[in-house]
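K.L.:
Taken in sequence, the protein lines are chains A and B.
With our numbering, letter number 66 in the first sequence gets 66, and the count goes up by one each step, no holes.
With our numbering, letter number 208 in the second sequence gets 208, and the count goes up by one each step, no holes.
For the record, the hints were derived by calculation from the structure and aren't laboratory data.
Worth double-checking, as some hints may not be accurate.
[Unchecked claim] Calculated pairs, BS3-like style, for lysine-lysine (alpha carbon to alpha carbon, straight line, at most 27 Å): (1) Lys235(A) - Lys235(B); (2) Lys87(A) - Lys222(A); (3) Lys192(A) - Lys121(B); (4) Lys90(A) - Lys43(A); (5) Lys222(A) - Lys235(B).
[What the hints assert, rightly or not] Interface residues of chain B toward chain A, partial, derived using beta-carbon atoms under 10 Å: (6) Leu24; (7) Asp73; (8) Leu75; (9) Asp78; (10) Lys87; (11) Leu113; (12) Gly114; (13) Leu159; (14) Ser184; (15) Ala188; (16) Glu193; (17) Pro195; (18) His214; (19) Ala224; (20) Val229.
[As the list claims (entries may be wrong)] Pulled from the structure, derived: some chain A residues nowhere near chain B, Cβ distances all over 12 Å: (21) Asp54; (22) Glu60; (23) Tyr86; (24) Lys90; (25) Lys154; (26) Lys192; (27) Asn198; (28) Ile200; (29) Leu209; (30) Asp223; (31) Thr302.
Ideal Cβ positions, reconstructed from N, Cα and C, are used throughout, including at glycine.
There are 2 protein chains.
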Amino acid sequence: MMTEEIKIFSPATVANVACGFDVLGFCLDTIGDEMVIRKTEEKGIKITKIEGYDLPFEAEKNVAGVSALAMYDALQPDCGFEIEIYKKIKPGSGIGSSSASAAGSVFGMNELLGRPLDKTKLTYYAMKGEVLASQCEHADNLAPAIFGGFTLVKSASPLQILELPTPSDLFATLIHPQIEIKTSESRAILPKEIPLSNAITQWANVGSLVHALHTSDYDLIKDALHDVVIEPYRKQLIPHFDAVKTAALEAGALGCAISGSGPSIFMLSKSEATAKEVEKTIRNVYSTTDILFETYVSKINTEGIRVI
Amino acid sequence: MMTEEIKIFSPATVANVACGFDVLGFCLDTIGDEMVIRKTEEKGIKITKIEGYDLPFEAEKNVAGVSALAMYDALQPDCGFEIEIYKKIKPGSGIGSSSASAAGSVFGMNELLGRPLDKTKLTYYAMKGEVLASQCEHADNLAPAIFGGFTLVKSASPLQILELPTPSDLFATLIHPQIEIKTSESRAILPKEIPLSNAITQWANVGSLVHALHTSDYDLIKDALHDVVIEPYRKQLIPHFDAVKTAALEAGALGCAISGSGPSIFMLSKSEATAKEVEKTIRNVYSTTDILFETYVSKINTEGIRVI
Numbered sequence: 001m002m003t004e005e006i007k008i009f010s011p012a013t014v015a016n017v018a019c020g021f022d023v024l025g026f027c028l029d030t031i032g033d034e035m036v037i038r039k040t041e042e043k044g045i046k047i048t049k050i051e052g053y054d055l056p057f058e059a060e061k062n063v064a065g066v067s068a069l070a071m072y073d074a075l076q077p078d079c080g081f082e083i084e085i086y087k088k089i090k091p092g093s094g095i096g097s098s099s100a101s102a103a104g105s106v107f108g109m110n111e112l113l114g115r116p117l118d119k120t121k122l123t124y125y126a127m128k129g130e131v132l133a134s135q136c137e138h139a140d141n142l143a144p145a146i147f148g149g150f151t152l153v154k155s156a157s158p159l160q161i162l163e164l165p166t167p168s169d170l171f172a173t174l175i176h177p178q179i180e181i182k183t184s185e186s187r188a189i190l191p192k193e194i195p196l197s198n199a200i201t202q203w204a205n206v207g208s209l210v211h212a213l214h215t216s217d218y219d220l221i222k223d224a225l226h227d228v229v230i231e232p233y234r235k236q237l238i239p240h241f242d243a244v245k246t247a248a249l250e251a252g253a254l255g256c257a258i259s260g261s262g263p264s265i266f267m268l269s270k271s272e273a274t275a276k277e278v279e280k281t282i283r284n285v286y287s288t289t290d291i292l293f294e295t296y297v298s299k300i301n302t303e304g305i306r307v308i
Numbered sequence: 001m002m003t004e005e006i007k008i009f010s011p012a013t014v015a016n017v018a019c020g021f022d023v024l025g026f027c028l029d030t031i032g033d034e035m036v037i038r039k040t041e042e043k044g045i046k047i048t049k050i051e052g053y054d055l056p057f058e059a060e061k062n063v064a065g066v067s068a069l070a071m072y073d074a075l076q077p078d079c080g081f082e083i084e085i086y087k088k089i090k091p092g093s094g095i096g097s098s099s100a101s102a103a104g105s106v107f108g109m110n111e112l113l114g115r116p117l118d119k120t121k122l123t124y125y126a127m128k129g130e131v132l133a134s135q136c137e138h139a140d141n142l143a144p145a146i147f148g149g150f151t152l153v154k155s156a157s158p159l160q161i162l163e164l165p166t167p168s169d170l171f172a173t174l175i176h177p178q179i180e181i182k183t184s185e186s187r188a189i190l191p192k193e194i195p196l197s198n199a200i201t202q203w204a205n206v207g208s209l210v211h212a213l214h215t216s217d218y219d220l221i222k223d224a225l226h227d228v229v230i231e232p233y234r235k236q237l238i239p240h241f242d243a244v245k246t247a248a249l250e251a252g253a254l255g256c257a258i259s260g261s262g263p264s265i266f267m268l269s270k271s272e273a274t275a276k277e278v279e280k281t282i283r284n285v286y287s288t289t290d291i292l293f294e295t296y297v298s299k300i301n302t303e304g305i306r307v308i
């Protein structure tokens with residue numbers, strides 16, 4: 001009887017990274033789900049345990065199950081898989097909760113099968129799970145979860161993912177206000193057309209951020225971490241966004257923007273000490289409100305999902 | 001009596017580089033103006049000679065004169081300058097003719113004064129000359145002329161210019177159809193608003209191109225050299241654009257797009273041999289028309305303006 005199983009850490013991620021709406025992302029280290037993937041003699045995909053949050057056990061209705069099924073149907077291995085999910089990332093928090101699940105199952109299965117697939121192919125199957133969560137195939141959270149570090153999704157179809165360098169002294173701070181923003185609402189609030197002048201500013205920032213990551217130029221990271229296209233719309237959905245941003249920048253953060261479609265807000269700082277100082281400051285902002293919140297400080301996880 | 005003078009080569013440049021409208025540019029090597037800048041005891045700026053094209057001698061009406069005056073007024077040196085312009089780049093060709101003049105005078109003066117200004121400051125004064133030519137301060141041709149290689153204008157105000165790496169085996173091919181496109185017309189044809197989805201494609205390409213230049217990834221350069229925002233409008237002003245592009249790509253070019261606001265069209269290729277093959281092919285396309293044209297092949301000039 002087969003008993004092969006692995007336990008993995010599937011990290012939270014930050015999509016968009018201020019200027020790079022729909023294309024940029026980076027991987028966190030201190031926040032993530034744990035999952036156990038187990039080979040079974042019985043064929044098929046079964047989700048056998050879910051802890052942390054109330055999610056469906058039927059594989060067809062669970063993002064981890066849907067991505068697993070997509071990969072399973074394509075590879076047709078002569079075994080099945082059981083999946084246990086120990087969910088730590090709250091669904092809807094804007095730090096890639098569904099991506100962690102969708103990426104975790106395919107990563108784990110690939111490990112147990114002797115790695116037949118490369119990371120881009122894993123992302124491809126994980127996208128099938130993302131569809132269930134967000135009604136569209138996107139990879140801006142999946143790519144950093146699977147590749148680690150900073151990633152740029154050059155194109156979704158055909159899927160092309162670039163691994164960008166990570167400056168060694170870069171740390172993230174996050175605040176997750178416990179409010180609910182529907183993905184449909186955060187999509188609907190966006191304009192279909194944007195001023196050409198704003199688009200130019202944004203692609204100058206994207207190009208500058210990529211250059212800054214390559215040259216470990218923290219001043220330029222600071223100059224590039226602006227979002228003139230999406231933030232003016234979406235920040236309306238996040239209470240006290242401007243106060244958090246002002247406080248974070250005053251405390252020394254290089255930049256502050258909405259994580260994915262929110263409600264989480266992320267900051268990047270040079271040095272862990274500054275990232276913690278930033279955390280303290282933004283905790284003060286939210287402590288004066290009646291909204292529950294959590295904060296995190298994390299190095300940039302350059303490895304992505306890992307076996308633990 | 002002072003007799004100090006220098007002769008310089010002020011190169012043609014390609015702005016926009018397909019995906020990077022208004023921010024990216026690169027510097028050519030085989031096409032450019034020559035200028036002589038001479039210190040004089042008599043104060044002020046005088047243009048004493050212009051060969052090649054019919055341009056105004058009054059400093060206030062000549063781009064080289066206007067940029068020189070802006071720098072001269074700011075520095076207030078205890079000498080004057082004479083400028084001779086041997087114009088090789090046809091005005092209105094879309095390969096930075098006015099930028100070569102505007103950049104050349106300030107570069108030459110700076111050399112003769114012992115280099116009091118850095119390259120960003122030189123670009124700043126050169127922009128004052130550009131205003132005369134294009135009615136707006138932009139630096140996307142000036143930056144590559146002054147810095148060499150590939151440049152990204154992160155912002156025009158305050159002026160911030162990034163020097164991007166140049167892969168060693170990259171060569172440019174250009175075709176300059178002898179038609180006139182008014183800058184005002186090529187600006188007026190552009191939409192004020194663009195679809196968000198196209199903007200996303202464009203900034204994914206800008207980020208990818210910057211990454212590709214850093215990693216000398218020629219395949220990715222090819223994938224990134226697309227312009228979904230500007231080209232669909234401006235190509236209407238350039239006869240046979242689609243035929244040139246198709247032929248160039250078939251001949252092995254990595255990409256083909258409008259140089260600046262046209263009418264010149266540029267291609268980038270891996271290797272000089274391919275760049276020459278591309279030149280031959282696009283000559284064939286235009287030879288069947290009744291439009292006069294010139295073509296060039298050039299390595300990427302990583303030095304920019306130089307003393308000769």
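K.L.:
Each of the hints needs a verdict: does it hold here or not?
P.N.:
Against the structure, the hints come out as follows:
1. Lys235(A) - Lys235(B): Given pair Lys235(A), Lys235(B) is violated - Cα atoms ~38 Å apart, limit 27 Å.
2. Lys87(A) - Lys222(A): violated, 33 Å
3. Lys192(A) - Lys121(B): violated, 39 Å
4. Lys90(A) - Lys43(A): violated, 30 Å
5. Lys222(A) - Lys235(B): Distance ~36 Å between Lys222(A) and Lys235(B) Cα, so the pair is violated.
6. Leu24: Hint holds; Leu24(B) Cβ to chain A Cβ min 7 Å, cut 10 Å.
7. Asp73: With a closest approach of 29 Å, the Asp73(B) hint is violated.
8. Leu75: violated, 27 Å
9. Asp78: Status violated, d = 36 Å.
10. Lys87: At 30 Å from the nearest chain A Cβ, Lys87(B) fails the 10 Å test, so the hint is violated.
11. Leu113: At 29 Å from the nearest chain A Cβ, Leu113(B) fails the 10 Å test, so the hint is violated.
12. Gly114: violated, 28 Å
13. Leu159: violated, 12 Å
14. Ser184: violated, 17 Å
15. Ala188: Where the cut-off is 10 Å and the nearest Cβ of chain A is about 13 Å from Ala188(B), the hint is violated.
16. Glu193: Holds, about 4 Å.
17. Pro195: holds, 6 Å
18. His214: holds, 5 Å
19. Ala224: Holds. Min distance 8 Å.
20. Val229: With Cβ-Cβ at 7 Å, under 10 Å, it holds.
21. Asp54: Its Cβ never comes within 12 Å of chain B, the nearest being 34 Å, so this holds.
22. Glu60: holds, 30 Å
23. Tyr86: holds, 34 Å
24. Lys90: Given a closest Cβ separation of 27 Å, the condition holds.
25. Lys154: violated, 5 Å
26. Lys192: violated, 6 Å
27. Asn198: Its Cβ does come within 12 Å of chain B, the nearest being 8 Å, so this is violated.
28. Ile200: violated, 5 Å
29. Leu209: Answer for Leu209(A): violated, closest chain B Cβ roughly 7 Å.
30. Asp223: violated, 7 Å
31. Thr302: holds, 16 Å
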